[in-house]
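Protein chains: 2
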Amino acid sequence: MANFLGIFTVRNLLGLSLALNLSLVLRVVYESGKDGGPHGFSVEEQRGPSMADMGFGKEAQATQRTRLSASSSCGQDVMEKVINLDHGDPTMYENYWQRMGERTTVVISGWQSMSYFSDVKNPCWFLEPEFAKQVVRLHNVVGNAVTEGRQIVVGTGSSQLFLAALYALAPKDGSEPLSVVSAAPYYSSYPSMTDCLKSGLYKWAGDARIFSKEGPYIELVTSPNNPDGFVRHSMVNRTGGLLVHDLAYYWPQYTPISSAADHDLTLFTVSKATGHAGTRIGWALVKDPEVAKKMIKFIELNTIGVSRDSQLRAAKILEVMTNTSENVGHIGSYESFFWISHHLMAERWQLLRAAVNRSRVFSLPDFTPGFCHFLNQDSQPQPAFAWLKCEDDRVEDCESFLRGYKMLTRGGRHFGVGPKYVRISMLDRDNNFNIFVKRLSAIQS
Amino acid sequence: MANFLGIFTVRNLLGLSLALNLSLVLRVVYESGKDGGPHGFSVEEQRGPSMADMGFGKEAQATQRTRLSASSSCGQDVMEKVINLDHGDPTMYENYWQRMGERTTVVISGWQSMSYFSDVKNPCWFLEPEFAKQVVRLHNVVGNAVTEGRQIVVGTGSSQLFLAALYALAPKDGSEPLSVVSAAPYYSSYPSMTDCLKSGLYKWAGDARIFSKEGPYIELVTSPNNPDGFVRHSMVNRTGGLLVHDLAYYWPQYTPISSAADHDLTLFTVSKATGHAGTRIGWALVKDPEVAKKMIKFIELNTIGVSRDSQLRAAKILEVMTNTSENVGHIGSYESFFWISHHLMAERWQLLRAAVNRSRVFSLPDFTPGFCHFLNQDSQPQPAFAWLKCEDDRVEDCESFLRGYKMLTRGGRHFGVGPKYVRISMLDRDNNFNIFVKRLSAIQS
Chain A
1 MANFLGIFTV RNLLGLSLAL NLSLVLRVVY ESGKDGGPHG FSVEEQRGPS
51 MADMGFGKEA QATQRTRLSA SSSCGQDVME KVINLDHGDP TMYENYWQRM
101 GERTTVVISG WQSMSYFSDV KNPCWFLEPE FAKQVVRLHN VVGNAVTEGR
151 QIVVGTGSSQ LFLAALYALA PKDGSEPLSV VSAAPYYSSY PSMTDCLKSG
201 LYKWAGDARI FSKEGPYIEL VTSPNNPDGF VRHSMVNRTG GLLVHDLAYY
251 WPQYTPISSA ADHDLTLFTV SKATGHAGTR IGWALVKDPE VAKKMIKFIE
301 LNTIGVSRDS QLRAAKILEV MTNTSENVGH IGSYESFFWI SHHLMAERWQ
351 LLRAAVNRSR VFSLPDFTPG FCHFLNQDSQ PQPAFAWLKC EDDRVEDCES
401 FLRGYKMLTR GGRHFGVGPK YVRISMLDRD NNFNIFVKRL SAIQS
Chain B
1 MANFLGIFTV RNLLGLSLAL NLSLVLRVVY ESGKDGGPHG FSVEEQRGPS
51 MADMGFGKEA QATQRTRLSA SSSCGQDVME KVINLDHGDP TMYENYWQRM
101 GERTTVVISG WQSMSYFSDV KNPCWFLEPE FAKQVVRLHN VVGNAVTEGR
151 QIVVGTGSSQ LFLAALYALA PKDGSEPLSV VSAAPYYSSY PSMTDCLKSG
201 LYKWAGDARI FSKEGPYIEL VTSPNNPDGF VRHSMVNRTG GLLVHDLAYY
251 WPQYTPISSA ADHDLTLFTV SKATGHAGTR IGWALVKDPE VAKKMIKFIE
301 LNTIGVSRDS QLRAAKILEV MTNTSENVGH IGSYESFFWI SHHLMAERWQ
351 LLRAAVNRSR VFSLPDFTPG FCHFLNQDSQ PQPAFAWLKC EDDRVEDCES
401 FLRGYKMLTR GGRHFGVGPK YVRISMLDRD NNFNIFVKRL SAIQS
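Protein chains in written order, with full-length UniProt numbering: chain A, 1 to 445; chain B, 1 to 445.
Just so you know, nobody snuck in bad clues.
No distinction is drawn between identical chains; accordingly, a pair holds when it is met within one copy or between any pair of copies.
List time: in silico BS3-like cross-link candidates among lysine-lysine, alpha-carbon distance up to 25 Å:
| id | residue 1 | residue 2 |
| --- | --- | --- |
| 1 | Lys203 | Lys294 |
| 2 | Lys293 | Lys133 |
| 3 | Lys198 | Lys213 |
| 4 | Lys172 | Lys203 |
Calculated directly from the structure, the hints in this document are not laboratory data.
Isolated chain A, as found in the complex:
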């Protein structure tokens, strides 16, 4: 029986892989045609002031400080469109949800969910019971986090929960602000989110690896890490730290699910789990009820709760995800979001690695495969971001360099390391991703 299932899974994989290859080829042809112009690529500027304002990148000026040759096979028109892979907008998942049709449609009547209160009996009074229920079901099916004995705290995305965690963990009467650290390269928004209000409660203190100040501190552990995709543990070499685990990317499409996370305070977000970034819903699993209570207090003071409409929508989406993902590891599933997304990400990483190998100007991190208990097989890490290094000695600043080829990325300095590195979103729509790998492979040393 085990053998039969094994064969079945391999066959499924092969069929799916062929189907996806065909689908990708078709999409490139189809999307190219849609983008206008005889060669299929428009010169339309994709981005407004917003992305620059988000601190996610600079304007797409045609500054080409260093420019290497681009092979003629690439074609001039392909080079015209600005490709913005600076931020992690998860639009690649739109296709999946379109294919799922009306199953995740929500209908909200005008008189529903008008009160501030979702559940007056829950310490987190703004948590929709149905959302909480679906969070628990999802974690149980995926096996990526222990939910038992945890207070679920819902937030307006995990950003708000990150700030709530800082508020909850920092003593209110400390003689100085509590240090907040994370090992470089760290998520580029941590420093500005921590310091934007010059709080007297906490203060950004940089790279966890070189942090040596005495006394308590907060360490942010992002695993798999944004930007580089590696699995992480605490890096400060002593006890006494308060840990916040940001597990936004601990889902089967990005990394093998090795075990159920069992930390004191863990953050998740719908945006990276399902692709619904515009819904602004995240959740925290919190062991200490007193810490949870303070996080809830922060969200009261910050936004008086969290949109009930969005929670209801997120609940519906998580429900369908869970329903279609039960038993995936044993029988496979062409319907499962995680199963399909895992294979799409595998495709993308194959295409990216092929482009990088062809170009020979860049390098990517090497990952160790691991056994994924959800997929019930060995699998490769295939992060939501590519952490690309420019290996050419003539290139000092990889972000500027790629901007010269009209590819917007986020440079290493934002993440606390050098400018030889850039972070590139792997979650854009097919069309942009395909232009990106084509353009990258055409840059020759």
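Starting from the known structure of chain A, arrange chain B on it as the hints suggest.
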């Protein structure tokens, strides 16, 4: 023609008033029956830990420090149910939206609004164009704010916009935190929202009337005021202040619309305008693009934008409100949210004033009527909160006193004044409001 319209309006009013009286009586009977028990009132505790956590009140212990007599006509059963009027949950509006049926139903498919970005061409890149359009239409029909030459900034409720305004107005390199003031009685959450993170940018500095520190400051002008309902202007007796106008209650159901507000920075919220508190949507009208840009930056750092689902829902609700409110001042409308809510609030204030007069233990503010350009008639202020004063010399603390009668309110100290005052929500469901006025009128000196 003017006369005819005048008569028509009076007739409408009379008909509506009679209908409402009947409806109120029926509801009391009906709701009483629903609440269980032979006498129609349950002893069920209405509130969980949440309201206490919100800083909105204390537990409903049967502490009866001072208790005056209650007339026998009130009945013992009525006295059993805890009535929570501590917070301003606008559930009275549910009835209206139920009557509007499917007109404000939203249907959101699984693949919609997935991206972080609503409109990359707008500096406020997370603002849904349809929501912005309906905000402008609504202000134009109601006539309560100038929108021309303003950047609309959407927020997760107006709480987030209040914090965004503090961030935007406070200099980043000031030698000390900027003072934030508001005339007492002020909104009870202003001090804790301002100071909860011990920001180095701004600091709560109390009552604007006695503020005398040199240099720049931020003054919060809430008009009509929460808690007391009076129309307000700046109270600090000098120039150099940066004003934030919180006009959450500047709608025809609460106060005459005298003119279109034309300030530098104005805040509104869906929760008090339409009753959809659970949707968590507010908006700011901002004159200076640089201030707007900083507010947008704050919301990026705080929650990476605002739920797109909730904005789409709010847009639909505002659209129906506007459509049914055009020309209300000339022809009246049984469909208009503002028209109907104005008359419901008038009813409630009449009932409350009658109860206060009967009791003779309490007093209420006296308001001056004014011409409402929206309703095209003189009208009375009828605030969303009643600012009740206990006139009995034996009662020191009105909040504790009313708690003895199982009515939860918010005491004056939260608003920067003495404990003789309490704030009482006028926006609860009919059943609770009716028990409240009945119970209040039964307290005799």
